[in-house]
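One line per chain: the protein sequences are A and B, in this order.
For the first sequence, the working numbering gives the first residue as 1, with consecutive numbering after it.
For the second sequence, the working numbering gives the first residue as 512, with consecutive numbering after it.
Check each hint, because a few of them may be wrong.
Computed cross-link-like contacts, DSS-like style, restricted to lysine-lysine with a CA-CA straight-line distance of at most 25 Å [to be verified]:
id	chain 1	residue 1	chain 2	residue 2
1	A	Lys125	B	Lys882
2	A	Lys426	B	Lys883
3	B	Lys883	A	Lys129
4	B	Lys761	A	Lys129
5	A	Lys348	A	Lys426
6	A	Lys125	B	Lys761
7	A	Lys128	B	Lys895
8	B	Lys761	A	Lys348
9	A	Lys125	B	Lys751
10	B	Lys725	A	Lys505
11	A	Lys373	B	Lys751
12	B	Lys883	A	Lys353
13	A	Lys50	B	Lys895
Everything labelled a hint here was simulated from the structure, so no lab data went into it.
Bear in mind that the values here come from a model prediction, so they are computed numbers and not experimental data.
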Amino acid sequence: MMNQIDLSLVDWSRAQFALTAIYHWLFVPLTLGLSFIVAFMHTIYYRTGKKEWEAITRFWMKLFGINFAIGVATGIILEFEFGTNWSNYSWFVGDIFGAPLAIEGIMAFFLESTFIAVMFFGWNKVSKKFHMLSSWFVAIGSNLSALWILVANAWMQNPVGMHFNPETARNEMMNFWDILLSPTAVHKFLHTVVSSYIVGAMFVIGISAWYILKGRHIVFARKSILIAAVFGLIASIFVAATGDNSAYDVAQKQPMKLAAMEGLYDGETNAGLVAIGVLTPNKEPNDEKDPFLFSIKIPNLLSALAERDVNAFVPGVNDLVYGNPEQNIPAVSQRMKNGKLSIENLRKFNEFKKEGNEIEAAKSLAIFEENYKDFGYGYMDKPEDVVPNVPLTFYSFHLMVALGFLFILIFIVTLYYVYNDKLKDKKWMLRALLWSIPLTYIASELGWIVAEVGRQPWTIQDILPVSMSTSHLSTSSVMITFAMFAILFTVLLIAEVKIMLYQIKSGPKDL
Amino acid sequence: MFENLSHLALQQYWWLIIAVLGAILVFMMFVQGGQTLIRQIAGDETERSMLINTIGKKWDLTFTTLVTFGGAFFASFPLFYSTSFGGAYWVWILILFSFIIQAVSYEFRSKPENLLGQKTYDTFLFINGLIGTILIGAAVGTFFTGSEFSVDRMRIAGGGDSNIISQWENTTRGLEAALNITNLALGLSVLFLARILGLLYFMNSIKDESIFEKSRKHLLYNTIPFLVFFLLFIGLILTKNGFAVNPDTKEVFMEPFKYLHNFIQIPLVLIIFLIGVVLVLTGIFMGFVKKSIYGIWYSGAGTMAAVLALFLIAGYNNTSFYPSTFDLQSSLTIENSSSSHYTLTAMSYVSLMVPFIIAYIAYTWKSLTNKKIDRQEIETTIDKY
Numbered sequence: 001m002m003n004q005i006d007l008s009l010v011d012w013s014r015a016q017f018a019l020t021a022i023y024h025w026l027f028v029p030l031t032l033g034l035s036f037i038v039a040f041m042h043t044i045y046y047r048t049g050k051k052e053w054e055a056i057t058r059f060w061m062k063l064f065g066i067n068f069a070i071g072v073a074t075g076i077i078l079e080f081e082f083g084t085n086w087s088n089y090s091w092f093v094g095d096i097f098g099a100p101l102a103i104e105g106i107m108a109f110f111l112e113s114t115f116i117a118v119m120f121f122g123w124n125k126v127s128k129k130f131h132m133l134s135s136w137f138v139a140i141g142s143n144l145s146a147l148w149i150l151v152a153n154a155w156m157q158n159p160v161g162m163h164f165n166p167e168t169a170r171n172e173m174m175n176f177w178d179i180l181l182s183p184t185a186v187h188k189f190l191h192t193v194v195s196s197y198i199v200g201a202m203f204v205i206g207i208s209a210w211y212i213l214k215g216r217h218i219v220f221a222r223k224s225i226l227i228a229a230v231f232g233l234i235a236s237i238f239v240a241a242t243g244d245n246s247a248y249d250v251a252q253k254q255p256m257k258l259a260a261m262e263g264l265y266d267g268e269t270n271a272g273l274v275a276i277g278v279l280t281p282n283k284e285p286n287d288e289k290d291p292f293l294f295s296i297k298i299p300n301l302l303s304a305l306a307e308r309d310v311n312a313f314v315p316g317v318n319d320l321v322y323g324n325p326e327q328n329i330p331a332v333s334q335r336m337k338n339g340k341l342s343i344e345n346l347r348k349f350n351e352f353k354k355e356g357n358e359i360e361a362a363k364s365l366a367i368f369e370e371n372y373k374d375f376g377y378g379y380m381d382k383p384e385d386v387v388p389n390v391p392l393t394f395y396s397f398h399l400m401v402a403l404g405f406l407f408i409l410i411f412i413v414t415l416y417y418v419y420n421d422k423l424k425d426k427k428w429m430l431r432a433l434l435w436s437i438p439l440t441y442i443a444s445e446l447g448w449i450v451a452e453v454g455r456q457p458w459t460i461q462d463i464l465p466v467s468m469s470t471s472h473l474s475t476s477s478v479m480i481t482f483a484m485f486a487i488l489f490t491v492l493l494i495a496e497v498k499i500m501l502y503q504i505k506s507g508p509k510d511l
Numbered sequence: 512m513f514e515n516l517s518h519l520a521l522q523q524y525w526w527l528i529i530a531v532l533g534a535i536l537v538f539m540m541f542v543q544g545g546q547t548l549i550r551q552i553a554g555d556e557t558e559r560s561m562l563i564n565t566i567g568k569k570w571d572l573t574f575t576t577l578v579t580f581g582g583a584f585f586a587s588f589p590l591f592y593s594t595s596f597g598g599a600y601w602v603w604i605l606i607l608f609s610f611i612i613q614a615v616s617y618e619f620r621s622k623p624e625n626l627l628g629q630k631t632y633d634t635f636l637f638i639n640g641l642i643g644t645i646l647i648g649a650a651v652g653t654f655f656t657g658s659e660f661s662v663d664r665m666r667i668a669g670g671g672d673s674n675i676i677s678q679w680e681n682t683t684r685g686l687e688a689a690l691n692i693t694n695l696a697l698g699l700s701v702l703f704l705a706r707i708l709g710l711l712y713f714m715n716s717i718k719d720e721s722i723f724e725k726s727r728k729h730l731l732y733n734t735i736p737f738l739v740f741f742l743l744f745i746g747l748i749l750t751k752n753g754f755a756v757n758p759d760t761k762e763v764f765m766e767p768f769k770y771l772h773n774f775i776q777i778p779l780v781l782i783i784f785l786i787g788v789v790l791v792l793t794g795i796f797m798g799f800v801k802k803s804i805y806g807i808w809y810s811g812a813g814t815m816a817a818v819l820a821l822f823l824i825a826g827y828n829n830t831s832f833y834p835s836t837f838d839l840q841s842s843l844t845i846e847n848s849s850s851s852h853y854t855l856t857a858m859s860y861v862s863l864m865v866p867f868i869i870a871y872i873a874y875t876w877k878s879l880t881n882k883k884i885d886r887q888e889i890e891t892t893i894d895k896y
């Protein structure tokens, strides 16, 4: 069945989506974080009426605007790409997935785009209070938009609140609140937006640190650092907590992703969490190689994180692919059989229906429904197809976590030095703060790599593989659009960075 | 409230919402129209800056309307979304491209070190104005003329030559839409209408004698081609065979004068359409002859009414809104392409927010444009693109 779709088409469509998503995510975290920081600053200006706070607000607002524009530019394609490149997907789950996207537009984008004009152009045109509130509306709007798109993404990882309608051949929504409030959605939203606040905070701190190093705008820089460091510290602690919740969700709903995140091939009780590890190259499921060339594990911690029980069994790649009867884990080969049966009976059900043979139709429907939970496995060619790229997932995850803890430390040390008024003397620290800006971006992108590479080969967990989600396109068309996006986005990124650097070098006005 | 409505009633309600969003989008394309006129209207750098800044405060709203239009279409008629976007790939990609380059251009154009230079960004705006309007118009034209695609839901269960439910059946991938005379007539009508609205908006929001006079003069140059293409489009669709649906069997068949019949059979839509056309012309007349600055409101409201009516006759009254000329029975109707009763109900509750959103947009719009842009302001302010 799989042979009917050109795999190179799937790979190029996937590459294009990855490219556009990664580019978009270079700009979104800063928008999410900086919007709140600007709103805080704007509020202080509103309260105090001091010129210096106007200058501070204006400066960060300007950088926000440059970043926002390119975020919008790279965002529009993502929404429409579900249709242009994932046509099967958009019918198969459009009844559920389309709703959050529409709500995002109605509820969030209008709020953002209406008030952003007031925020930028409202100086001396609208009342000071309305102007300040506009900054808050922009922050709320951008964060609300993140909510809805993350709800949509979470639903793909943990499909709830729906059922499959065999007559329309698609999944249909049964309960809106189940989708909105699923633990995966809640944790994903909190983890993602709050981690973005770290990006915003470090951006402000790093640039301010650079000013102190250069001996410019000292008052401005200190005030900016204080606000951002407090914001960043709270955010970074919160991110660690929500990260733990997200990992628990993954363990429950996407055990294969967790196995890949940890490089765990053979499941075990009292499983340890890898603190540091180097994977054995070219390791395949069920071969004899040790998964690690070198590793340090923290005993019991993985079991505790995944199951909230140190004695619990955590399945590995091999258990999940080849089955583990002791732990009641079915083999993928069995699930593939179930899936094929489900697919076949979906077809038969519709054929019998057409013929008016209700009795046979009902029989087929029963078989279809009984096996629907394995529907997507019916499209697999071999059991090993359900294993994602382990090294990419593993290293991304561990690097992200390490960086997360590093950020907590950085914010604490920064606040300590600010409190003792020693920051300006600590040149090494100021340099470290500047170089921490790219680290936050890396951590943020790594998070998405864990989430999206780790869930392969699924578009919708267990129900729809990526290979079945594409549009009916020629590979060459997608190759051309891939190249178009790669070139255009790269040019725009270079332009954005150059504009930003110029503005940063010029510094805030009137201080 | 909504859960008691029939599925058909919800489908009709959502088609109305799509029509309203489409209507607002075409009105808001005064931004795109304006972008194509900068060179003709601006006498010097300051005038250029005034023009770009007055539409620059609105571009984001037009953009958001487009995104919401897409999102609402996805949520309410997902089969259209998967068939049209995945099928007419190139036409949509080109449209999207023109909006990507627009989104950065306002913010980047006058900033130092912007890599490509102000001229390039202003050219991006021009391209967006040209391609965005013509291609969106041509794509909507296919609602009346049809496209070559096939739909078979059972393909995902291995019941066909491929696994993909909606398939485009030609290699030009939507670009063929721009070669059809009816679609092209609509595309060019949208372009010239957007330019008319752009001119009226300049006249309304900028206090400058020279810009006002030049805009007024250009109103005439754009009204003539607009009328030619618009009347051609209307003439063509009213006389053509339309894609009708048998309400009992749901079979799609060709009906002579279908769209004319739709106007006659739903007189309210005909009245809305006629009022729309009259209002558009009134606005132009006010601007050109009476030298009024309020033409935009008449032509804007008229645009919305006329576009609304066109969407309604494309989808209501047992008509296929996205017909397939390749396989008539693959044609999409508001019934066979819509979301489930549950989803449409949930989304209908969300739609109750729309009046509230329109209210705050109107409020902020008013508070920002209380004072018109003039030469002195643009030369002294630091808050500009």
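Straight-line Cα separation of Lys125 (chain A) and Lys761 (chain B) no greater than 25 Å?
-> violated, 57 Å
Would you mind confirming whether the straight-line C-alpha gap from Lys761 (chain B) to Lys348 (chain A) stays at or under 25 Å?
-> holds, 23 Å
Given the hinted pair Lys883 (chain B) and Lys129 (chain A), is their alpha-carbon gap at most 25 Å?
-> Answer holds: Lys883 (chain B) to Lys129 (chain A) is near 22 Å, not above 25 Å.
Proposed proximity, Lys883 (chain B) with Lys426 (chain A) (alpha carbon, max 25 Å) | violated, 51 Å
Lys128 (chain A) and Lys895 (chain B): Cα distance at most 25 Å?
-> Holds. Lys128 (chain A) to Lys895 (chain B) sits at ~19 Å (cutoff 25 Å).
Distance restraint between Lys348 (chain A) and Lys426 (chain A), which requires alpha-carbon spacing of 25 Å or less = violated, 73 Å
Straight-line Cα separation of Lys125 (chain A) and Lys882 (chain B) no greater than 25 Å?
-> holds, 8 Å
Quick one, are Lys50 (chain A) and Lys895 (chain B) close enough, alpha carbons at most 25 Å?
-> holds, 23 Å
Going straight from one Cα to the other, do Lys761 (chain B) and Lys129 (chain A) come out at no more than 25 Å?
-> Violated - the C-alpha atoms of Lys129 (chain A) and Lys761 (chain B) are around 57 Å apart, more than 25 Å.
Is the Cα-Cα distance between Lys373 (chain A) and Lys751 (chain B) 25 Å or less?
-> Since the Cα atoms of Lys373 (chain A) and Lys751 (chain B) sit roughly 49 Å apart, the hinted pair is violated (cutoff 25 Å).
Are the Cα atoms of Lys883 (chain B) and Lys353 (chain A) separated by 25 Å or less?
-> Violated, at roughly 66 Å.
Restraint status (C-alpha distance of Lys125 (chain A) to Lys751 (chain B) at most 25 Å) = violated, 52 Å
Violated hints for the displayed structure, listed by number in ascending order: 2, 4, 5, 6, 9, 10, 11 and 12.
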